Amino acid sequence: MAAGVATWMPFARAAAVGWLPLAQKTMPKPPVDKKSRSDEILFVNVSGLRFQTWKNTLDRYPDTLLGSSEKEFFYNEETQEYFFDRDPEMFRHILNFFRTGKLHYPRHECIQAFEEELAFYGIIPEIIGDCCMEEYRDRKKENQERLAEDTEAENAGDAPLPPDATLRERLWRAFENPHTSTMALVFYYVTGFFIAVSVIANVVETVPCRPIKGSIKDLPCGEKFSVAFSCLDTACVLIFSFEYLMRLYAAPSRCDFARSVMSVIDVVAILPFYIGLVMPENEEVSGAFVTLRVFRVFRIFKFSRHSQGLRILGCTLQACASELGFLLFSLTMAVIIFATVMFYAEKGTKGTTFSSIPASFWYTIVTMTTLGYGDMVPDSIAGKIFGSICSLSGVLVIALPVPVIVSNFARIYHQNQRADKMRAQQKVRQARIRMAKKGATNAFLQHKEDGGLQDGDGDSTPFCVKNRSAFEHQHHHLLHCLEKTTNHEFTDEVTYSEVCVTDSVGFRTSRSTSLSSQQGATTTCCSRRAKRRAFRLANSTVSVSRGSVQELDTLHVTKTPAGTQYPQSRSSLNARTEDLKLNCDDYTAAIISIPTPPANTPDESLPNSPAIPGILRNSRSSTFNTQDTVKISSL
Amino acid sequence: MGAVMAALSLEARRRLSRPNREKVDSDLELSIVRHQPEGLDQLQVQTKFTKKELQSLYRGFKNECPSGLVDEETFKTIYSQFFPQGDATTYAHFLFNAFDMDRNGSIRFEDFVIGLSVLLRGSVTEKLNWAFNLYDINKDGYITKEEMLAIMKSIYDMMGRYTYPSVRDEAPSEHVDKFFQKMDRNRDGVVTIEEFIETCQKDENIMNSMQLFENVL
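Read top to bottom, the protein sequences are chains Y and A. Sequential numbering from 1 applies to the first sequence in UniProt numbering. Sequential numbering from 1 applies to the second sequence in UniProt numbering.
It should be emphasised that the hints constitute simulated quantities derived from the structure, not laboratory data. Remember, it's a predicted structure, so these values are computed and weren't measured experimentally. C-beta: ideal position from N, C-alpha, C; glycine also. Some clues are possibly wrong.
Claimed, not checked - In silico DMTMM-like pairs for lysine to aspartate or glutamate, Cα to Cα no more than 25 Å straight-line: (1) Y/484 <-> A/214; (2) A/153 <-> A/170; (3) A/145 <-> A/184; (4) Y/427 <-> A/214; (5) A/52 <-> Y/59.
As the list claims (entries may be wrong) - From the derived model, a few chain A residues whose C-beta atoms are all more than 12 Å from chain Y: (6) 34; (7) 38; (8) 39; (9) 146.
Same shape as in the complex, but just chain A (with noise of 0.2 Å):
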């Protein structure tokens, strides 16, 4: 009797522990993955970045992630503790998108660093470009009203549920009909780049505040 209770548990070990082994195995496959930057200079004539600053984020970017990738999950998870009352995945999901820009899955030291310094250093233009890009979420070089929806609800997501005003559900797409009311000249019901650089350089607002993050490193 005991042989038998003894053979069973002995059995359950082992299936038990096999899994284990692979998943070891797998994960030794995947900690090999490492990405190493170009180098300093290079990184200097592409980016408007100094050197000292170029080296302050690399040493963060390298702390917080070894292995020199950012994946999706931990993009998300980052970018959600800024935001501790809302949900921040989606819009998360959408800024991953518009800083991967060679759309492999990962954010490079390269793809941070450049993204930064359109932001944070780049012309007005630029800037009005990255934002379009941002929001064009399929890349075609058109801003339908769907793709904005999708923008807008992952914003105001953002926000939670505990605001004041509380978040009407036609919120976001009020929204939207404002911003294609705004933008969209020919009213065919997209935006194309064109359309949305010039009416965003005639409101001052935009423009104005367009100055305000340039400090931010």
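Only chain Y is shown next, with the shape it has when bound in the complex (with noise of 0.2 Å):
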């Protein structure tokens, strides 16, 4: 809960005079406290720096060191001050978050130190205000980064394979680190040379050869040679095929790595010669057939694998790629209207090489970008003007902007991923603000199990509860009164929709219908009972199958010491209850608990509601006998 809310704490409880007459139960006595109730002003030492502050001031946040009792462990009895042995300048921005309740970064300290001191003090980071917090991102990030990359430099392939890994996780880091083994390495420039290979026949087959006898004209070498260049691609394609399959059997993700850009380039490169294996030589489709010729120049992607800079480049693309689109979109517009303006302008001309407007978009690249091949003219004088305004705006439109648009790239790209940032950090706020609500809940209702509310006997149940501060035992009561106020008590979203689905499922017993009534409340009871139990085994996220009265038995009896966070808690509600209802317990318990997940994903419904109460049924009616004693001792 926010510190601030600490301050208001009296004033809602004073607030509360408001639901006493309204009351239809009798309010519970509040929490005794036993501090004094004057504020006074503590001295606290750090290495020399002496601080001053209110006691309340610091109270404001009582889960972490300076709020909570651990600061006693520090205090001083001789000069009669808290000491702490930290760095003082960082002391400065802790005490500022006590007193503002905003947490702010200093941007000149170290950010590892700075997190080191909060993690000290029991801070945590996340409460950084919005003005500081990109700061500390950005830097974290960096930091983290920077860690990295040292820790990856260190381990990237030089640490030895566990002795037990498998031919798989061999091979698999072999293709990955070429450095790692001797035959890896020879693998790796082996394919290097052999897509260099490929790369080169493949131009070297168009360039033009001496005539064979007997011919005037010049041949292109691939058809002199075909034989020779047709071996040549079979063996480079029968490599990378066989590269190929070799890293899709080694690799961890079968499905990520055939997902991957990598393995898609590869995919590419070997697969024009397998289609052309089994497409048939005729006329119709050698058309199609040159094309795929075409993508065997992919082949030459392959070598970003060798490359670090070529997938460098490959990844700034796809960041800038919204913003180079944009740049099309605008020349296409530009290109659009001048073309029409010099076909419209150049339709009367005689001749004319504007013959559509579509034909025109060439002229107007060619003249924009300054090129100026000169294969088709304006004649007009209209066509003419155009044509300078064309080239003269074409300089403004590629050379001006080009600079402001690659600064707008930087700007925008960052202001998308502060945006992004923002987003997700939002995300994250509500999450937090959304998981505090449910603590300040959860700790109510784990307050409420464990029988912290019975009137009376203050003094025997502290054993029990976990230490609570003075803060939340003031929250508990208010809740508790309001409780008393409305007659209904509070649950949580679990337990909630368990009541709704036992309240509409209608339960068959072998009692008569007179009984019902009581059937009802004895339900909604026991389901209550197991709902704590079920409540408690949902946070410690145990799984149980359905097994036999001696498995569940089993399960139940090892889950207490083990699992449950409260354990004294559940000693306490066994000493209330009688040992011959833990069957029913167990069975409601252990069966309830197998389809809840835990306690803080609420959105989630119970999808095997339909058998809870089949199997219910049974249990129940077997220990209906000790429900009716159950019934009597918890109302």
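If you follow the hints, you should be able to join the two separate chains into one complex; please do so.
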């Protein structure tokens, strides 16, 4: 809960007087506050720098070191002050957090040091205010990346594999880090060599060679030495296919590998060959066949496995894709406008090359990029005027905005990142608020289960309840007063939805219908008991499989010491209940905990609800007697 | 072409920055409004708090609201934080009106502290008076069924959805009927201050619970 709220607690409690005349039940007694009420000034000495503050200021955040009783460990009796052997400069910011409720990140400090101080004083860094949050996150990410790079450079490929690594793992490592073994390095260079050979062969086979005897025309080498070239091509493709299949076999996650960019490039590189094998050699598809040969040039992209720089370039282009798209769009607009104008301007001219607007696109592009091939030239005066306007504006369109756009790219890119970060931060903040609310609710509900709300003996159950601050005591008392006013109780969403389930599904037992109202009460009562267990079990996130009685019993028994967070409260509950009832609770508790997700995912509904009543039915009929006693004792 | 684009973007930016400047001006105006409370001695006379308590209260109050005034939205936010499960805004609205004695839309420190003094240190009659004032929404001296129903609904709203047993729609009106049965002596459909105080003084539970919050501060 927010710190400032602690200041308003007395007010909220005083306002509860408004409920008193309306209350249907008697109000609970308020918690006894043994501390002295008056505020006092505390002295905090941090490595010689003495700070003073009100005790109330520190009490605002009871879950930090300074706000809780943990600071008593640092109390120095002789000098009557709290002494911390920590950085005094940083402490200023920590104390300001207590005073103002906002945590600021000092820009000149090292982020690691700051985080260590926060960790020492028990403050989570997420509370950093909006003003400093971005800086903090940027620095933190930078730091993390730097550390990650360092560790990666250390570990990358140099750490030896565990001796029991499978062949698959070894292969994968050899592929990803060629420096690890000689074999991998050889393979790496061989594939690189063959990529180069394949690309060069593609290029060379179109160079005109001296014609064969008896012919005048120059032949491309590809046709002259067609056998040699096709053998070379086949060899390369075989090697690439082999490499791809080996990578596919060795990949730890085949789906991810198949979807990665590199594997797509590999596939595109070898596919034309296979398609060419499959396709028959006839006239209709020869056009497509030629297209396929073009795709062979994509083999050159396989070099990106060998070159870090290519990969970075690819990433950059990917990142700037939207800005480039916008540039393209504005160019297209300009091209269309000028092409239309030129076409209509030149329409009258005889024998004009501007035969259509799409034909004028070519002229516009050539003119705007100041290429000026001269294959299309305007003749009419209007055409020349507009043509000159086109070339002038081409300079403006292409040359001037490019630096502006380039710098805009950087700015827009960062802004987008910031917007995404903000959205992510917002989500995190909302989630945190929800969790804090849940935490408050859960704390109160847990407090109820621990039996801390019994009037009268506040002393008998102190060992059962967790150590809570005075603020929590008062807040729980306030919520309890509200419960008594309205004669309803707070529950959490899990148990609420279960009650809905049990209420909606009609229970049938062997008893007569005259007891139906009692059944209703006992159902909810028993399930409430079970729900308490389920709530606790859900907290410990144990998944139970349906089994025999023995299994459930043993599960129940073994769960007690290990998984639960509140072992003492369980024992206190047991002290009040009878042993016979444990069977019923085992069933219902264990079974209800099957579909119940942990308490922090309230949005999922119970999937197995129809099954629960059936099983509950069986268990209830056998233990109905004990449920009577349950009813009396719990109400 | 590029010039056109640049001109368009400049225009858009100018249009964006203009309302910002206006907003900044209005923000400046608001933040100048401040309130300083009356002197410590005067407040000591008006309330039953000691000097130290007043000092402590004011420090907390000033820390939360540096301008010295609490407006209704802030009040609702603060009060809602105590009841995370339900919706406390309606009840906070009624509370705000009960505290804001001069009905100017904001609570000053004096209102705050005088209200607290009545609730924590006042006599039982004074507390009952305060409660009556809270329930009487239009401050006409009578609590009608509609007013009580509104109050009751707002209280039940604070419980939220997840309660056991779950709150039925008729629960508030049933509660109101019970209240009127108890309080409305002459069955005229309204509860006056005299009926209210008389009935409460006869009810032991209510009288005992009035002592509950004595030691809050």
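Results for each hint:
{"no.": "1", "hint": "Y/484 <-> A/214", "verdict": "holds (19 Å)"}
{"no.": "2", "hint": "A/153 <-> A/170", "verdict": "holds (10 Å)"}
{"no.": "3", "hint": "A/145 <-> A/184", "verdict": "holds (10 Å)"}
{"no.": "4", "hint": "Y/427 <-> A/214", "verdict": "violated (42 Å)"}
{"no.": "5", "hint": "A/52 <-> Y/59", "verdict": "holds (18 Å)"}
{"no.": "6", "hint": "34", "verdict": "holds (18 Å)"}
{"no.": "7", "hint": "38", "verdict": "holds (19 Å)"}
{"no.": "8", "hint": "39", "verdict": "holds (20 Å)"}
{"no.": "9", "hint": "146", "verdict": "holds (16 Å)"}
Hint 4 from the list above is the single one not met by this structure.
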